[in-house]
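These protein sequences, in sequence, are chains B and C.
All residue numbers for the first sequence refer to the working numbering, where the first residue is 13 and numbers rise by one.
All residue numbers for the second sequence refer to the working numbering, where the first residue is 91 and numbers rise by one.
Note that these hints are calculated values from the structure, not bench results.
Watch out, some of these pointers could steer you wrong.
Simulated crosslink set (SDA-like; lysine to any residue; CA at most 25 Å straight-line) [claimed, not checked]: (1) 223/C to 197/B; (2) 250/B to 175/C; (3) 250/B to 115/C; (4) 223/C to 29/B; (5) 115/C to 237/B.
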Amino acid sequence: MLRFISRRLLVMIPMVLLISVIVFFVIQLPPGDFMSSYIAKMEASNEVFDQNTIARMRAQYGLDQPWYVQYAKWIAGILTRGDFGYSFSYNRPVWDVLSQRMGTTLAISLTTMAFTYLFSIPAGIYSAVKQYSFGDYLLSVIGFLGMGTPNFLFAIILMVISYNWFGDPMLGLVSQQFVNQPMSWAKLLDILKHMIIPVIVIGTANTCGLIRTMRSQLLDEISRPYVLTARAKGLSEKRILYKYCVRAALNPIASTIGWSLTSIFTGSTISAIVMNLPTQGPLLHQALLNQDMYLAGSWLLLMTVMILLGTILSDILLAWLDPRIRYVKAR
Amino acid sequence: MTRPTPLLSVRDLRIDINTMDGVLKAVRGVDLDIHPGKTLGLVGESGCGKSLTSKAILGINPPNCKASGSIQFNSAAGSWDLLALKPGAAEIRGIRGRRISMIFQEPMTAFSPLYTIGNQISEILLLHVTRDKRVARAMAIDILGRVGIASPEKRIDQYPHEYSGGMLQRAMIAMAIVCKPELLIADEPTTALDVTIQAQILQIMQELQQEFGMAIFFITHDMGTIASMCDEVAVMYLGQIVENGPVRQIFSQPLHPYTRGLLASIPRMGMDAEERLASIKGQVPVPIGLPDTCGFYPRCPLAEEAVCLQAPVPLLEIEPGHFARCFKAKAKGGQDE
Ligand SMILES: Nc1ncnc2c1ncn2[C@@H]1O[C@H](COP(=O)(O)OP(=O)(O)O)[C@@H](O)[C@H]1O
Ligand SMILES: [Mg+2]
């Protein structure tokens, strides 16, 4: 198993490098660069630049060189100094900008994931075991509503409700009076309160899908011949369900847990914008609009690493759950 | 004829299944007796209700199958009407796997792929026989060796996908007999296997029967395997027993035209395929809304409306211990009637 994991990690290295080249190439493809969009904005407010200043600034940022030279410098910086380059629009190193938001992003993602799995797996089991019961129908209705409602709309609805009932739409991640305050119990409580809506909104879409998956997988497993064997042995229904069926039904969910890590990370961009959350998604959105290429490139590179790590995590989980996979891998 | 009390007596077993098209009468009043240490064969075309009958004994049919009648089990540990026990409750679960166990048609899917063979065999021991994991493991290794699995101490830690079909069926048999049950139900145990392996599996079952002394309820659609395995045979057609008796009498003097058709379909040397296929004409009807009269009538070579359709046919004792559900069945000695 250890060899399997380390081999997977080694294979990841050339993959990340390759993807980083592609990412960088694609990002610099649109005509113009940060300078030209910057100048366009400035000109809109009647500021004028002479050609010399522009050329000087281009040279300063290395924008006058071909893209592969820019890429080589950038990647060398990352590998040797952990320097992800400079964000033009924030006027700060990229890593500063990213790491500032990393905490909130991870907090929301992980809470959402925990919420998603802790709720949807038991709900899926319940739905399958009590197939066609009132509870099953109720979960189905809620599930389809949750899947069908766009996240941003759902976010707005919840914020309106929150505003009407509690007088606070819960925008952002902390209330105004706590911004720039040191961490305290009151602030923590405030943050937790603000996380309720994002976690519900971002989590439901995933949750509903997971409940459906768990339900149909489990129904599949319950009708398999090995269940009859287990019953003929004299095992109790509960034991058959948990030892055999649920574990088998978890396989496909485990195989996607890695992806959902990243999809929660990225897929929530629009809701994050609506809810004014300082997460990574809106950051990329802005960086792309501004042609802030090192920021966008670094962001996408990190995402690549996350996706690959997630996939490996899934593989490990699957291998642990399913001996047939372990067997193939061992050879 | 005076015989000892049967180990298992099935009386008037009926199984109705609610389907979209109406109530499917899958089993229609089956009587069977299985005697201690003996083998009863149940033979019939696929779909006639054999599996439902056998699973009814353990109470493991799906909930939409409504069973009525009685299944009296006279075990050394006590007597029960198995049909009256609540399915899934502790009492019947104590019988399943411990006093009556069952092996199934598809060994490849009958084990869970997620646990080792050893885990799945030990599990039944830990449930019924011992609480000591090491004892259970030792017993599991021992039983695997007895059913002919080489180096069982290694094989026990392997997963089902590392076994061949024949080996899995051996492991299945091992799991079924490891608690020394009084009755082993084998539902088409060789149907999914290669011909050469079929013979080995049947032989192992017979050897184990000699050694452990359990009764076997042997279910098959193949008359050919009945002769070597069974003491008595029940022939099933459309949810009913149409003929029932000692194996020698059934083979030497079949009374029901359906039994004769089945016997004619056993491949013999020098017989070509066309001859075989021609043995029983027509197809098995779906048992929804059927009349109570003879179910074999539409396919029967002896069909005669005036005789056959006058009333439901009872199971008639034509010779001592040899029953047939046919108005036209006659004993050999009865020609002068
Ligand atoms: N769970 C079920 N739902 C509906 N019909 C069933 C079910 N189980 C069995 N049947 C029907 O009952 C009849 C007898 O089935 P079975 O006992 O499995 O036959 P076999 O003799 O081949 O073992 C068949 O017609 C089958 O289609
Ligand atoms: Mg069957």
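Status of the hints after comparison with the structure:
no.	hint	verdict
1	223/C to 197/B	violated (50 Å)
2	250/B to 175/C	holds (19 Å)
3	250/B to 115/C	violated (31 Å)
4	223/C to 29/B	violated (51 Å)
5	115/C to 237/B	holds (23 Å)
In the structure shown, a violation is registered for the earlier hints numbered 1, 3 and 4, in ascending order.
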